[in-house]
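Use the sequences and the hints to build the structure in full.
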Amino acid sequence: MVAQAWEWLDTVPDPELPSVTITDLGIVRDIREEADALVVALTPTYSGCPATAVIEEDVTRALHEHGVKNVRIEHRLAPAWTTDWITPRGRERLKEHGIAPPAADIGDGIVILSPSTSLGINEVEGPIQCPHCGSPTTTELSHFGSTPCKALYRCEICREPFDYVKPH
Amino acid sequence: MTGHPEARAKRASKGRVEYLLRLGDNALVLAQRSAAWVAHAPVMEEDVALANVALDLFGQAKLWLEYAGKLENGGRDADALAFHRDSGDFRNLLLVERPNGNFADTIVRGYFYDAWANLALHALARSSDEHVAAIAAKSAKETAYHLHRSEDWLIRLGDGTELSHDRAQHAVDELWRFTGEMFLGDDVDAEMTSAGIGFDPASLREAWLERIGIAFANAALAQPADDWMQRGGKQGHHSEALSYMLAEMQVLPRTYIGAQW
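Chains as they are written, first to last, in my numbering: chain A, 1 to 168; chain B, 1 to 261.
What the hints contain is simulated information worked out from the structure, not anything from laboratory work.
Remember, predicted model here, so these are calculated numbers, not experimental data.
Honestly, I wouldn't trust all of these hints.
Said to hold, decoys possible - Pair by pair, the computed Cβ-Cβ distance ranges are:
| no. | chain 1 | residue 1 | chain 2 | residue 2 | range |
| --- | --- | --- | --- | --- | --- |
| 1 | A | A78 | B | D89 | 48 to 56 Å |
| 2 | A | R76 | B | A7 | 29 to 37 Å |
| 3 | A | N70 | B | I257 | 55 to 63 Å |
| 4 | B | T193 | A | I73 | 46 to 54 Å |
| 5 | A | E96 | B | D89 | 18 to 26 Å |
What the hints assert, rightly or not - Anything over 10 Å on all C-beta distances counts as not near chain A; from chain B, calculated:
| no. | residue |
| --- | --- |
| 6 | K14 |
| 7 | E45 |
| 8 | M245 |
| 9 | G258 |
Unchecked claim - Quick look at which bits of chain A chain B covers, simulated, 3 or more residues with Cβ under 8 Å:
| no. | segment |
| --- | --- |
| 10 | 46-60 |
| 11 | 94-102 |
| 12 | 139-145 |
The beta carbon of each residue, even a glycine, is placed where N, CA and C say it ideally should be.
Now the structure itself:
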C-alpha cells in the first residue's frame, strides 16, 4: 500500500510549478500506514507558500480517488525543505519548462550570511544557465520572482527572461 | 524559582508564550507593513520582492503564533492572535511598526531588522525547544534572502544619487533610536536564556554592529551616535502607528465575525 501510494503521489503536480510533481520537489517526506489512516507527511517549501494548503487537498483527493478512504496529513517542519531534495528528474523537467534549476547544493547547513562579510548568496553559486539557450551569461533582475522559491533572471545572449529556482 | 512545581511550570509556560508572541508579532507587523507596498513600489521587481518578503514573514508569523496559541492552551489559534488582540497586547519591537515612509525608510527599517533576525534565528535554531529550533531554522533560510536584498538596496541607495543618499541617511538617522530595543533584555529574555530556549539579546549587538558598519562604509552612510533609545514594544507599549496599522489589518475579521474565504 505504501509503495503504491508513493507511485500515486508521483503523478500529483505542484500547483505553482505544474511541470514537476510534488515528489519531484521533495515535498512528500514520508508515507506510512497506521491503524486508522494512511499518514502522509508533507513539508512546506517556504513557510508562507500559499500552495501548501492546495497541495494538502490535492494529496487527499488523489488518494481518495485511488480508494484510500482515510488519509491524514502530517506537517513536518524539520529538517527544513531544501532544493537539494529536488530529484534529477525534477531538475530536468524544470529546465524543459523554461525554469532554471538551482545551481548549488545547500548541504546540511542553514544558510546564514556571515555578519563579518557582505557576501551575497550568488557568490557561492556557479554560473546560472539560461534554460532556453544554455548560455551561462545571465543577469539577475531581482532576488524574488513569481513565487517565493524563484528569482528573476535574464539571458544576455538570447535576451529571454526566465525564472530561477534559488538554492534554498 | 520557588513554589509548587505546577505553579512553576505554569509560570515557565507563560514566559514561553510571551517569548513566542514577540517573535511572531515582529514577523506579522513587518509583513503587514511590507505588504502595504503592493501596487505602490517604485518598480515592478520591487513590488514582487516586497510581496515575497511579506509572504515569508506572514508564514513565519503563523508558525510562531500557532505554537504560542498551542502552549497558551486557551483555544486561540494564529488567526485569533493576529486579528483579535489590541495594540497593547502586541509584543513586537517598535522598529517594525514604524510607518513605511518613502522607499529608503522601508529599506532601512527592513535592513536593520533582517540583520538582527539573521543572528536571532541562527541562535534560536539551537534552542532546547525542538519546535522553536525547527521554526527558526526554516525562517533563517528565508531571512538570508531578505537580508541579501535589503543590504544590496541599502548600498545602492546610500551610494547612489544625491537624493537617494540623502533619503537613506535621513532614514538611518530617524530609525536609529528604534534599534536599541533589539539588544535590550528583560525578565522574559533572562528566563528563556537560562532555560536554553532563547538567547541573550545583548549577545547579538557586536555582530550586528559589525555587519551594519561594513554596509554603512560601502553605502557611504554615516552611523549615528548612540543617543537615547526608544523601548517598550516588547512589553506592549506601542506608538499610535501600530493602532492605525492594526485597524486596517483587523477590520474585516472584527466586523464580520467568523468570516471565511
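Each hint tested on the structure:
1. Taken as a hint, the range 48 to 56 Å is violated for the pair A78 of chain A and D89 of chain B, whose Cβ atoms sit roughly 29 Å apart.
2. For the hinted restraint 29 to 37 Å between R76 of chain A and A7 of chain B, the CB-CB distance of approximately 34 Å keeps it satisfied.
3. Under the hint 55 to 63 Å, the C-beta atoms of N70 of chain A and I257 of chain B, about 33 Å apart, miss the expected range.
4. For T193 of chain B and I73 of chain A, the hinted distance range of 46 to 54 Å is not satisfied, since their beta carbons lie about 35 Å from each other.
5. Roughly 51 Å separates the CB atoms of E96 of chain A and D89 of chain B, a value that falls outside the hinted 18 to 26 Å.
6. For K14 of chain B, the non-interface assignment is confirmed: its Cβ lies about 24 Å from the closest Cβ of chain A, beyond the 10 Å cut-off.
7. Remark: the non-interface label on E45 of chain B conflicts with the geometry, its nearest Cβ contact in chain A lying 4 Å away (cut-off 10 Å).
8. Listed as a non-interface residue, M245 of chain B keeps its Cβ farther than 10 Å from every Cβ of chain A; the least gap is roughly 19 Å.
9. Once the 10 Å rule is applied to beta carbons, G258 of chain B is consistent with being away from chain A; the minimum gap is 19 Å.
10. Look at the segment 46-60 of chain A against chain B: 5 of its residues bring a Cβ nearer than 8 Å to a Cβ of that chain, three or more, so the hint holds.
11. With a cut-off of 8 Å between beta carbons, the segment 94-102 of chain A has 0 residues touching chain B; three or more are needed, and the interface restraint is violated.
12. With 5 residues having a Cβ less than 8 Å from any Cβ of chain B, the segment 139-145 of chain A passes the three-residue criterion, so the hint holds.
Taken one by one, the earlier hints fail for this structure at numbers 1, 3, 4, 5, 7, 11, listed in ascending order.
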